[in-house]
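Chain by chain, the residues:
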Amino acid sequence: MKHSLDHLFGRNSRWLAIRSEVRHFGLWLALFLPVNGPAFLHAQAQGAATLFEKKCYSCHNIGSGNKKGPDLKGVTAQRSREWLHSFIQSPAAMNRRGDPAAVDLFRKFSPEVMPDQALSPEEMDSLMALIESLSNKNQIFIPAGAKLSRPIAAGDAEAGRRLFTGKTLLSRGGTACITCHDLDGAGLFGGGTLGPSLTAANIKYRDPELIAILQNPNFPTMNSIFVARPLTDEEIVQIFSLLQSTKQANPTAAVAPGPVDLKFPLLGFGLLVLSLAGMNRAWKGRLRGVREALVGENSPRAGSLDRSQP
Amino acid sequence: MDVRLQISMVFHLDKCIGCHTCSVACKNVWTDRKGAEYMWWNNVETKPGTGYPTSWEDQSKYRGGWEQKNGQPDLKMGNRSSRLLNIFHNPYLPKMDDYYEPWTYKYEDLFNAPEGADQPTARPISMVTGNLIDIKAGPNWDDDLGGSPVYAANDPNLEALTPEQRAEIFEIERLVFFYLPRICNHCLNASCVAACPSGAIYKRGEDGIVLINQDRCRGWRMCVTACPYKKTFYNWSTGKSEKCILCFPRLETGQAPACFHSCVGRIRYLGALLYDAEQLTSALAVPDSQLVEAQRQMILDPFDPTVRSEALKNGIDEGTLEAAQRSPVYKYVKQWKLALPLHPEFRTLPMLFYVPPLLPVMAKTEDGKYDSSGSELFSPIEKARLPMQYLSRLFSGGNEELVRYALKKQYAIRLFKRMETVGDLDMSVVGRALEEVNTTPEEAERVYRLTSLPTMDDRYVIPPSHREEAMQMLNDDLLQERGSAGLGFRELPVRGA
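Protein sequences, first through last, are from chains A and B.
With the numbering used here as the guide, the letters of the first sequence map in order to residues 2 to 311.
With the numbering used here as the guide, the letters of the second sequence map in order to residues -12 to 484.
Just so you know, not all the hints are guaranteed correct.
Said to hold, decoys possible - In silico SDA-like pairs for lysine to any residue, Cα to Cα no more than 25 Å straight-line:
#	chain 1	residue 1	chain 2	residue 2
1	A	Lys285	B	Gly241
2	A	Lys285	B	Met443
3	B	Lys82	A	Lys168
4	B	Lys56	A	Lys168
5	B	Lys190	B	Gly241
6	B	Lys48	A	Gly175
7	B	Lys82	A	Glu293
8	A	Lys285	B	Asp45
9	A	Lys285	B	Lys190
10	B	Lys82	A	Arg282
11	B	Lys48	A	Gly286
12	A	Lys168	A	Ile153
13	A	Lys285	B	Lys48
14	A	Lys138	A	His61
15	A	Lys285	B	Pro143
What the hints contain is simulated information worked out from the structure, not anything from laboratory work.
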């Protein structure tokens, strides 16, 4: 949208000025809030909810339990505003500084590391306001946009499998899921091991959570690929359908990663041994040293003196 | 007739004292570099012995040289396709241990060692790894029959002898050995050239020196296997192979190669030979024992007017032809038939020839007394401590007649000179000896002069260098060279590199 507007107006200073106005709208609103009443409050909460859905919801819930990161319900009551500000800006830096609360969190959610968030103080404040209001009202956060564009139809799961394995390319140029993720029945050697196996993805995440992730995969690795090449609504439906059908096929799949799969390393080792044996056979008559055999030394180092470095 | 020129060599083994000065001269000039420490482009071996690298003559192990397959010569290391299949792993390479691990000593310990109860010693360290090593072998480890029960007893050439003869060779007071200095033979049918997958090895058109182009060498090491004399070496530092270059920069400026120049015993002769390249195929189509004769057949008479005109047609310079006429190699090899190639049965047509050693035959012991006279004229040769089979295995592909002739001729000339100087022999006896080897007193005198009293100019007849004509032979379009880098250089010389 922003891009198309840029195109429409050109990058002239007037438009930039307007855009900057828009960006400061939140701050602006905050100033007027006490005077202007619930209508503006609602608008602000809407913006914060969208922001939360995009930036935070992949890892955090409000009121419905821990995901990759902790449930944020009541966090504003637990921590000071300054602490939250500096933590959101750079969690790793807080951990390095040895902040006790940050160190505890890192230990608890290891190996996950929350990436630094490029959020303005106003945006952070609006998010905190959202968390605070939901916590106070004892409500849970329900992502408004995390809905499928259409109901799942027959054949979606199969189409999703083709997208997953890369047989159909993702239309906006994203990388096929199998590159980094495994899934039950994803071919002979499974998928990649950079990301977690997705067999239990729909068990680990509830439907709206999973849809939100497909819409905005805000994990550091996925983000760098998919922020510029998001999935289309149609692709989201198909891949979601695949993950859902996988859940139905494996209702008891383990959410935590299982023991390391040794199939591939063992196969590699076997092939290595085989090829070495083959080479040994092919070059059976190779020259193995003439003088040693002549002199009758089993080892060129037999009976050596002190062999320490000079 | 396709007349070509070859700078060729003769080593007179009767004169070699085994001092290794040649090896040291070569090492100092060419192989005193990282990665080349183990290389001895020139080395001197004791025979019987296994030499350097160990048992290099045993081609059942090293697979060097050519063999006749269905009447066609092919490399012993394998045909074209098997060489291609083995290109990433050449299975017939000598190990470093077969050469030796080069070493130096920790001399600084002699000065820096802390005070202690014992004298400090300079301990050997490897020049490859820099670690302390136990020296297991060296390039002349079996020098003067050192370790003979292991090394000399395993000389591959002793296979030609009966068990009795073998036992006799190593009997106390009958022990016998001679020295064999070796450099690259600059062969006419060089197997290293044939084996090179990169086309980096070539035989220089103007003088037949075999060289490895360091720009094109890719370090496949096929030449290391293919050379039956093991005279191409792999430099582990540069990743390229190297070999004797016959000191061509010295030759081009009219100087003898370093090993020749430094030779104390003056055993080395160098000169030009003209040969007929058209005869190459037919010369190789004969059995082992006839190879020497076939090779001699290829060598052309530089005085023959037809040869001269054909040579001029092939771009060989008049001055070069004049040098070929004075060549001591031509005399020893073709005229006098005294010099023989080393292991002609490897079929590379080596162009370094050896005068087989007479010395060990001179005296035989009878009742503990040395006796150099005999009833039979050539009986000392027939009763030589070194059996003829052994020498013929080395120098003539098993043809004993050729070795016997060379030895008899040397012996006859010795008798002739003894008659002249000591006067205790009768001309009738000496004349018979000379007659038996088809030689005249005049020729005997000439052989004697070139063998015993040669000047440097007699020993080294180096044809004048004509690099500009060599360029013409390589590249007819001289206009392409004009105004670019001058004649004679295709690349700018690099200074200080």
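(request) Hint by hint, work out which the structure violates, then give me just those numbers in ascending order. (result) 1, 2, 3, 4, 6, 9
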